[in-house]
Amino acid sequence: MRFEEGGKFCELPGAKMGEVVVRFPPEASGYLHVGHAKAALLNQHYRDTFKGRLILRFDDTNPAKEKATYEESILSDLPRLGVHWDVRTHTSDHFELLMQLCEKMIREGNAYVDNTDGEKMKVERENRIPSVCRENSVEKNLQWWEEMKKGTEFGVQCCVRAKIDMNSNNGALRDPTIYRCKRESHVRTGSKYNVYPIYDFACPVVDSIEGVTHALRTSEYNDRNEQYAWICQALGLRCPHVIDYSRLALQNTVLSKRKLTWFVEEGIVDGWDDPRMPTVSGILRRGMTAEGLRQFILAQGGSRSSAQMEWDKIWAFNKKVIDPVAPRYTGLLLDPTAIAPSNHAPHGLVPVRVQEQTSLVEKQVLVHPKNENLGYRSILLGPVIYVEHADAVSFKEGENVTFINWGNCRVVKIDREDNLVTGVDVQLNLEDTDYKKTLKVTWLADPGSQHPSLTPVTCLIYDHLLTKAIISKDDDFKLFINQESKTEQCLLGDPALKDLKKGDIIQLQRRGYYICDAPYESKCLATGCESPCVLIQIPEGTAKPDSSSVATSSTSKGSGGSSKAKLQTPATTEMTAEEAAKAAERQRKKEEKKEARKEGRAKAKENKQQQQQQQKQSQPKERMTEQPTSAVEPCLVPAATKIKDEKSNAPETKSQTKKQTKLALEARKETDFADWYSQLITKAELLEYYDISGCYIIRPWAYSIWQTLQRFIDARLQSIGIENAYFPIFVSKSALEREKTHVADFAPEVAWVTRSGDSELAEPVAVRPTSETIMYPAFAKWIQSHRDLPLRLNQWNNVIRWEFKHPQPFLRTREFLWQEGHTAFAEKADAEAEVLSILDLYAEVYQDLLAVPVVKG
Numbered sequence: 000m001r002f003e004e005g006g007k008f009c010e011l012p013g014a015k016m017g018e019v020v021v022r023f024p025p026e027a028s029g030y031l032h033v034g035h036a037k038a039a040l041l042n043q044h045y046r047d048t049f050k051g052r053l054i055l056r057f058d059d060t061n062p063a064k065e066k067a068t069y070e071e072s073i074l075s076d077l078p079r080l081g082v083h084w085d086v087r088t089h090t091s092d093h094f095e096l097l098m099q100l101c102e103k104m105i106r107e108g109n110a111y112v113d114n115t116d117g118e119k120m121k122v123e124r125e126n127r128i129p130s131v132c133r134e135n136s137v138e139k140n141l142q143w144w145e146e147m148k149k150g151t152e153f154g155v156q157c158c159v160r161a162k163i164d165m166n167s168n169n170g171a172l173r174d175p176t177i178y179r180c181k182r183e184s185h186v187r188t189g190s191k192y193n194v195y196p197i198y199d200f201a202c203p204v205v206d207s208i209e210g211v212t213h214a215l216r217t218s219e220y221n222d223r224n225e226q227y228a229w230i231c232q233a234l235g236l237r238c239p240h241v242i243d244y245s246r247l248a249l250q251n252t253v254l255s256k257r258k259l260t261w262f263v264e265e266g267i268v269d270g271w272d273d274p275r276m277p278t279v280s281g282i283l284r285r286g287m288t289a290e291g292l293r294q295f296i297l298a299q300g301g302s303r304s305s306a307q308m309e310w311d312k313i314w315a316f317n318k319k320v321i322d323p324v325a326p327r328y329t330g331l332l333l334d335p336t337a338i339a340p341s342n343h344a345p346h347g348l349v350p351v352r353v354q355e356q357t358s359l360v361e362k363q364v365l366v367h368p369k370n371e372n373l374g375y376r377s378i379l380l381g382p383v384i385y386v387e388h389a390d391a392v393s394f395k396e397g398e399n400v401t402f403i404n405w406g407n408c409r410v411v412k413i414d415r416e417d418n419l420v421t422g423v424d425v426q427l428n429l430e431d432t433d434y435k436k437t438l439k440v441t442w443l444a445d446p447g448s449q450h451p452s453l454t455p456v457t458c459l460i461y462d463h464l465l466t467k468a469i470i471s472k473d474d475d476f477k478l479f480i481n482q483e484s485k486t487e488q489c490l491l492g493d494p495a496l497k498d499l500k501k502g503d504i505i506q507l508q509r510r511g512y513y514i515c516d517a518p519y520e521s522k523c524l525a526t527g528c529e530s531p532c533v534l535i536q537i538p539e540g541t542a543k544p545d546s547s548s549v550a551t552s553s554t555s556k557g558s559g560g561s562s563k564a565k566l567q568t569p570a571t572t573e574m575t576a577e578e579a580a581k582a583a584e585r586q587r588k589k590e591e592k593k594e595a596r597k598e599g600r601a602k603a604k605e606n607k608q609q610q611q612q613q614q615k616q617s618q619p620k621e622r623m624t625e626q627p628t629s630a631v632e633p634c635l636v637p638a639a640t641k642i643k644d645e646k647s648n649a650p651e652t653k654s655q656t657k658k659q660t661k662l663a664l665e666a667r668k669e670t671d672f673a674d675w676y677s678q679l680i681t682k683a684e685l686l687e688y689y690d691i692s693g694c695y696i697i698r699p700w701a702y703s704i705w706q707t708l709q710r711f712i713d714a715r716l717q718s719i720g721i722e723n724a725y726f727p728i729f730v731s732k733s734a735l736e737r738e739k740t741h742v743a744d745f746a747p748e749v750a751w752v753t754r755s756g757d758s759e760l761a762e763p764v765a766v767r768p769t770s771e772t773i774m775y776p777a778f779a780k781w782i783q784s785h786r787d788l789p790l791r792l793n794q795w796n797n798v799i800r801w802e803f804k805h806p807q808p809f810l811r812t813r814e815f816l817w818q819e820g821h822t823a824f825a826e827k828a829d830a831e832a833e834v835l836s837i838l839d840l841y842a843e844v845y846q847d848l849l850a851v852p853v854v855k856g
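Just so we're aligned, residue 0 is where the sequence shown starts under numbering that gives the first Met the number 0, counting upward by one.
If you're looking for bench data, these hints aren't it; they were derived computationally from the structure. Since the model is a prediction, treat every value here as computed from it, not as a measurement. Ideal Cβ positions, reconstructed from N, Cα and C, are used throughout, including at glycine. Wrong hints could be hidden among the right ones.
Label pairs and their computed distance ranges (CB to CB) [claimed, not checked]: (1) 83 / 240: 19 to 25 Å; (2) 471 / 263: 19 to 25 Å; (3) 208 / 521: 57 to 63 Å.
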């Protein structure tokens, strides 16, 4: 069963048209988030598919957390998502029955009352040790049960536990708690009860008695499915079918109510509906549409595979929904910090004087260039128009510029003052309709005093709350707070923007999509002043909304008729750290192969030609027995020859999949360079892949090559008077700031240490991306006069650059072995002479040791 573009859904066993009953059971202890939205939409999808019923049940079994305001917000958010229920109930509607069933289990010996301390009980369950209360008599259990119902001092120390199996491999069956004593007022029943059922007990009971036929639960409850069935069986109740699906996990996001509450209470966000929050109210405020979210959820389907999804995929679906209907307007970016221009233009804008346009004229243009059904709107053409300074600096005299919704104009003159463009003269060239190679710019006419004024606009741009994509269970999310998750821009927009209402979605041409958060007010009731239109930028998503890339279902072998099913691989699982690392490594290898395969295809023909040329120029085989020409080669040749001989003499094995070469490689260099390269370096025992992307284990044979190079270079450097030194691997933040120009090219690749043990560092410390920032302050200290010159030092170390591009072993890595020399001379000529001599040394290393030709520049 599939929905639209291919989300795979689990079959409902025993489902009959018109008889399926599903439920959505939120707890009124917080606001709905996108994870809840998935549950609600999936349940509604099955209800609609089978023309059944959807029960909205509030699980109000924890009086300490539930609040009426949370329930009201849930009732408000669900219709905004397009979710409509048939019946609304509360677990508390069945408190009396639940108490009777609990007492029934006690009387029948299927439950007992336990007063064991909570921590001790936890240890006993982990070690499969039965409680001392497990064999208490029914009479004693009933007596203690009465104490619990009365809420006495002894009663609050007790709980009721189901008597299942303390030796079970499934921890959920080791006598779980089913009832607890809490002397707290309930939001609906007040102080009537002192005992409340645990969710795991109440859920199967209420599901059964309310007529639920299929209970959809996230896969994290999988271990409790046996417990669910046991409770129904013990009470003689009909057991609904339990259907598992993966919970929605999003990168750079936490969905825990406790953690989201921390963001609100700490003032990091402005409330539960802050656009950075993953709550339903938050994402809707940011511009997510109910239809966009619905399409994403249903395209993902009811898969049981967990995956960390990127927000871009959700927003890409949303863009498909809003793009065809979002009206187009114009907004120009202002620069409030710019010096007030002498031409009286708005800050950051440049006036363009249009020759031959002597008056203000209205023109009708399509609200949406590809959707005539949205109608037309009026724009103003005038003798003076404004463009952004960033566009004006791209103008060239004599060339055409296309002014969107007007036409081509030829630039006649550009006024500049202190390298800034202060004005432009253009001539209408509307007859020229060649727009292919012209610069396209947005603009606004100066309306003067006879037409509505331009609209002041404040644009809010939000980013992720967390800087780390995947937060593991061991991570402290507070260490990854994005301190720059909100930015604000000032714009000047179309006069028509004054008519926007809260919730309207538009597109500002060449800027993106926005949702109106607060409409323009000419006179704010609170301040009495003009209040700008507030727009929130809607993310567009960089990934194409392809359902196959979103769904996480997998196709099993031999499934029969599975040709329609697509094999989808989750980006990263969230099961264990080890599995996550393996998944990341598989993805990394896949990307490396893909990148290298492109290069391999391009070089295949060239390599073949080179091989043919080398065969023509090759010498007789006796040449191979000649003595090495370099003093270093005796260290390299025997080992290489030994490996080659071992590989050559090894018997060839037949493969059922791919043909093997004499080196036991299953891939060919000419056809699959990436796979060939990966097999070559691993089977030659040069390198082993590591579970951190871009970092590799250099094995002894490969490292011996580095040692040989090191000995050779070191000996030559010391012979000319260069000494070795070592500088720390850590760089202070202030040191990097002083050298920010020098490190600008690789600043995004700097790795930072932010904590020591459980303590957060007062200031983050960078891991060495290069040594200049460490060495030069020391040089400045050591060199006090010309008598301290020359200063000539060399350093052997390792360098960390968190390379974002596809890593390649030995070619592009995040950690690499490093040699660097730093010298200071009194005369420039001496410094240049040393640079040339070192370059000659490097050329000698490549030619004589590595047999790589060098072409000097």
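A quick look at each hint next to the structure:
no.: 1; hint: 83 / 240: 19 to 25 Å; result: 23 Å, holds
no.: 2; hint: 471 / 263: 19 to 25 Å; result: 23 Å, holds
no.: 3; hint: 208 / 521: 57 to 63 Å; result: 59 Å, holds
This entry satisfies every hint, going by the numbered hints stated previously.
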